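All chains should be modelled from the sequences, with the hints used to inform the complete structure.
When the letters of the sequence shown are read in order and numbered with the working numbering, they come out as residues 3 to 248.
Hint data in this document are derived by calculation from the structure and do not stem from the laboratory. Do not take every clue at face value.
Beta-carbon label-pair distances, calculated as ranges [stated by the list, open to error]: (1) TYR181 with ARG29: 35 to 41 angstroms; (2) ASP201 with GLY35: 46 to 52 angstroms; (3) SER196 with MET123: 22 to 28 angstroms; (4) ILE149 with ASP173: 26 to 32 angstroms; (5) GLY148 with CYS83: 23 to 29 angstroms; (6) ARG62 with LEU91: 25 to 31 angstroms; (7) ALA76 with ARG109: 29 to 35 angstroms.
Just so we're clear, the structure is a prediction, and the values are computed from it rather than from any experiment. Positions of the beta carbon are idealized from the N, C-alpha and C atoms, including for glycine.
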Amino acid sequence: MAVRHPVFAYRGRHSLTGGRPRADLARLEDAIGHKFSDRDLIAEALTHSSATSRSRSYERLEFLGDRVLGLILADYFHAHCPDEDEGQLSLRFHAAARQSTLASIAREMDLAAHVTSQPGMDVAGNDSVMSDLVESLVAALYLDGGIDPVRAFVHARWPLDAAAPAATEKDAKSRLQEYAMSKGLALPSYSLVSREGPDHAPMMTYSVALDGHGTETATAGARKHAEQQAATRMLERIEQGNGSDG
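Laid out in structure tokens, this is it:
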């Protein structure tokens, strides 16, 4: 049985669902695969800060949802890819958790049609907002029903194919290089930051630097894994910077 979070005890006095047709919420619940006991949760998850105070928008739920989603994805890949090392698991994790993946899921569910926002705001065309909506829904689902319905939702909606090979090591580095070239920037520069541990089991930290975007670092047991993860983190930083209107 799900344990309700006490922070939501006030919701009966400050309902957010008043302007939302019950049929619309019911259709969205069908798409999520969960009937909410507290529909104010799902309403808050779909309310952009442009339409209300930040404390009543989805931003706090987004914060929680990011962490809950990370746990579900990490647990899935750890359980279903037992022969892969940390570097390969990280590739799968970042592909499933990156902004473009979440935005695609949001569009498949047509979440923009359910959002309350400032009139004229282009919700559907903003990857940052769309990915934030997915994370806030994950948090609302977790608070209403616990971890099991979240796991069912993620397994049903995310492209989690453990049988397919993880993305190749060159993917993130190639994408980052292509981005730099498209913007007229110098190519990304990779450097060894530190090397620790015995020769037979070293742990190496590498950094990647890109003009105008600073540096990112990552640690792994092999140079190629560390550079790949650093490139992935740099791409995530670029994605977040390009979609900072959320």
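Next item on the list: Quick one: which hint numbers does this structure break? Sort them smallest to largest.
Entry: Violated: hints 3, 7.
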